[in-house]
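Student: When you get a sec, could you build the whole thing from the sequences and use the hints?
If you're matching them up, the sequences are chains A, B and C in order. Read in my numbering, the first sequence has 190 at position 190, and its numbers run on one by one without any break. Read in my numbering, the second sequence has 1155 at position 155, and its numbers run on one by one without any break. Read in my numbering, the third sequence has 2182 at position 182, and its numbers run on one by one without any break.
Everything labelled a hint here was simulated from the structure, so no lab data went into it. We treat Cβ as the ideally placed atom computed from N, Cα and C, and that holds for glycine. Careful: at least some of the hints might be erroneous.
Straight-line C-alpha distance at most 25 Å; calculated PhoX-like pairs for lysine-lysine [stated by the list, open to error]:
#1 A/Lys117 / A/Lys10
#2 B/Lys1404 / A/Lys191
#3 B/Lys1026 / B/Lys1404
#4 A/Lys191 / B/Lys1057
#5 B/Lys1380 / B/Lys1026
#6 B/Lys1206 / C/Lys2053
#7 B/Lys1438 / B/Lys1417
#8 B/Lys1057 / C/Lys2053
If you want the footprint, here are the derived chain C segments under chain B, 3+ residues with CB under 8 Å [as the list claims (entries may be wrong)]:
#9 2057-2064
#10 2151-2162
#11 2181-2190
#12 2199-2210
Each chain, letter by letter, is given below.
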Amino acid sequence: MSPATSTRPKVALFATCYNDTVWPGTPIATVKVLERLGCEVVFPEAQTCCGQIFTNTGYADEAIPLVRGFVDTFGGYDYVVAPSGSCVGAIREQHHDLAERAGDAALVRRVDTVVPKVYDISEFIIDVLGVTDVGAYFPHRVTFHPTCHSIRVAHVGDRPQRLLQSVRGLTFVELPQATECCGFGGTFSVKNPDVSISMASDKARHVRETGAEVLVAGDNMCLMNIGGVLRRQRAGVRIMHLAEILASTEEDPA
Amino acid sequence: MTAEPLTEPTAGPLQATSPTFVGMPKFPYAARTALGNTQQRRNLAHATGVIRAKRAKVVAEIDRWEELRQAGADAKDELLGHMAAYLEQLETNLTKGGATVHWARDAAEANRIVVDLVKGTGATEVVKVKSMATQEIELNEALEAEGINAWETDLAELIVQFGHDRPSHILVPAIHRNRSEIREIFRKEMGLVGRPAPDDLTDEPKRLAEAARLHLREKFMRATVAISGANFAVAETGSLVVVESEGNGRMCLTLPDTLISVVGIEKVLPTWQDLGTFMQLLPRSSTGERMNPYTSIWSGVHEGDGPQNVHVVLIDNGRTHVLADPVGREALRCIRCSACLNTCPVYERTGGHAYGSVYPGPIGAILNPQLRGTASDVDKSLPFASTLCGACFEACPMRIDIPKLLVHLRAKVVDAKGRNTVEGRAMAAGAWAFGDAKRLARLQKASTLGGKILGNRQLPALPGAIGQWLSIRDIPELPAQTFRQWWADRERKGGAS
Amino acid sequence: MSAKAEILARVRAAVTDLTAPLGARGETPWVDQAAASPAETIELFVENVIDYKAQVVRVGPDGVGGAIRDALTAYGASSVVVPSGLDPAWVSALGDGVRIVADEGLGSLDLDAIDSVITASAVSIATTGTIVLDHGPDQGRRALSLVPDVHVCVVHASQVVHDVPEAVFRLHPQEGMPRPLTWISGPSATSDIELDRVEGVHGPRTLHVILIEA
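Tutor: Structure (structure tokens):
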């Protein structure tokens, strides 16, 4: 779809459960940037969670009602956009298998219809809206952590970096060993705390090596993990979600 | 690999945990100890870093790498779907070539077969080519119990054997040792069982390799029996393939009169031409070379050339249990290249011993709980020994979706354990909260207004878990309002600006 | 029930959910890299063999004997074992300083006392710098090219294929008389100590390749 010829695209925002609860700034920023780019944004209030926390902890049966809830809530939209590579990845990679586990052929079909309409925000802006320069302004030194699920499950590629590098005023610094996991891994950080701490410390060290003022990623859970270490170290690096940078303008700075 | 089920598959018996690994602690406990071993940490970080870079370079040389991976996976899936037919074809062709084929249901049976064969030759020692299958069945211990010395001839296996140690990596079993440790081991041990290390031995890798060459040479020259595994067994031609670097494999496979090869039933390749795929995938994925220095291929007995008494022992030992799981069976595609270990951030930090098996790392985390079941502490914990970061899947030349299999096995562990646990109750509470958006909104309001804790919905309150988290990290402050509340306010005020 | 019967029964019972017939994938896939030209294939082969720290000497059809003489002199080899079917012209230039040993009933220890070996080869692969011996009469049995410390290996340019699948195809075992194969990519090596590559362990520590070009 070419933005020039289209009517205003209607986007259903999937805020994701943890952004909704803990980091509302991220879905707010998502709304701002999508509206600035000419989209009509709606928030289907029946939404809750993609179920990943349950599936990945071994509670697949508990996730099945959430798969049903997801297709019920988002089945009627052409575009579903989430500010999370991880949740988008879980929907793409797991919802089909969960529906099969439920032995519900109708649910499988509905999942297969909805899943192709679900986008990470970076994919939606570049692939659907055809935009790389979103008109943002952010005059700071920034480094970017490509989260595991965004690059290896959702496969967003380098879209977030391309968006960031088009932001006016922003100085982009490459993160050393960027694609290595930060050690969060959902309940991994609880079940294997020692290995998790070791990984998070190394990631934080690499962030500090960049001299960046802001660490950006497309997933707030990973940012919470790395940012939690950086803050404990009083490292002088703050964390921001990609959407918050893209929403930032001269008139309305982040 | 998916198809409409005809009838439910029936699983073969599990592998019995070998004596070495009985009673291994849960992965997190073993990992904590390993993380404290600073020398091992340094050795592993260096070694995995080197090999990752080498692999990346030689894989990038092949434009059609993804097609190769798919071809490899397809070949193994063809085998797994028709293993009985291909095993019978392999046996027929091996027999035609002059080899004798034996079948072993489990480790004990395989060990008995090999011990009897060795005893039948009258030999009291054997030389061994590095083999995961013989490690899995603990053949060396079985031979020693019968008074037969088994000499490992791969340099790293020799280091492990002399160090009275366990392998910690599939391909580079002594990856956890550095050069000065190896020098000490050689000086102390070589003289006890043969030619001693030179007095002026330094810790230069070249000198250490030279010491091993001299020590092992006399063993190669006098050995009458060799034991190997096989990287591949080609059904179409009855050919066995051993891929190696040092030439110790060639020595063992060529000089003795008797050769006994212990081969897992999943090592079969349907066709000869499949080697065109696998001989590209394996060397580049394992040692990060375009090709390994030496590959030996033999098809039974070759008159006037090499061993004239050739045996092949095909082992199940839990593999038919794995084969029966429609999701899990793709783990049997594994060609033991170690790419998943080298790329895994968890393995890089803990090393291989914490996995409680000869198969460590991501592949071990999906293979052991399937081969041995999930009754033991370590096997129960292995599916959780991963952040699901996906680096292993990306590196796997056989396209084994390791993260997906880990998640699959986690569900099996939970289903077996039951849900009446602290975690189970927390998950049930979470599922209840997320089951309805209005309910969720009420709970969110309570947590934001309370503003005290992160909210148990996100991190199940396992004992001490939050404390562990906070030992290194600050947690974010909770917001004044949720997104849901912000949106409702905005809608009330008339929506988008 | 025999172990074989039991294992085969287990294997069959484990895959009753799968329906694809035997051989459903069709022809074995052939995934390789295209050669730009025969000349580039040869250059790539030479480059990759050298990358393994092996020596490569390029000669015309009449230059083999001289190249072999030069190589053995350079390595200080005073004895060489030759397979029965080796082209006699290849050793005709060797002087009295080199003892030529025929492979007649040599044991492992006899071979260990010989400095070098000369063999022809069957197929070589450019993308990987690999030489494959099929141990025919001009290559000798496997022990010959294994135990002596210097391996001088003669490769005809016409034997060099571009990529692995083509080589595998050419090496398909013949019905009734399959040959053993040895694939050689540089001298023996190990990376078992700190992933630090060391050339020269149990196999020949020196690989000297003589490439015959028309």
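Student: Hints first: check each against the structure and report whether it holds.
Tutor: Cross-check of the supplied hints:
1. A/Lys117 / A/Lys10: This hinted pair holds, its Cα atoms lying about 12 Å apart.
2. B/Lys1404 / A/Lys191: holds (19 Å)
3. B/Lys1026 / B/Lys1404: The hint holds at about 21 Å.
4. A/Lys191 / B/Lys1057: Answer violated: A/Lys191 to B/Lys1057 is near 35 Å, above 25 Å.
5. B/Lys1380 / B/Lys1026: Within the cut-off at roughly 8 Å; holds.
6. B/Lys1206 / C/Lys2053: Judged against 25 Å, a Cα distance of about 15 Å means the pair holds.
7. B/Lys1438 / B/Lys1417: violated (32 Å)
8. B/Lys1057 / C/Lys2053: holds (18 Å)
9. 2057-2064: violated (count 0)
10. 2151-2162: violated (count 0)
11. 2181-2190: Held - the segment 2181-2190 of chain C has 10 residues with a Cβ nearer than 8 Å to chain B, which meets the minimum of three.
12. 2199-2210: Coverage by chain B holds for the segment 2199-2210 of chain C (5 residues, Cβ < 8 Å).
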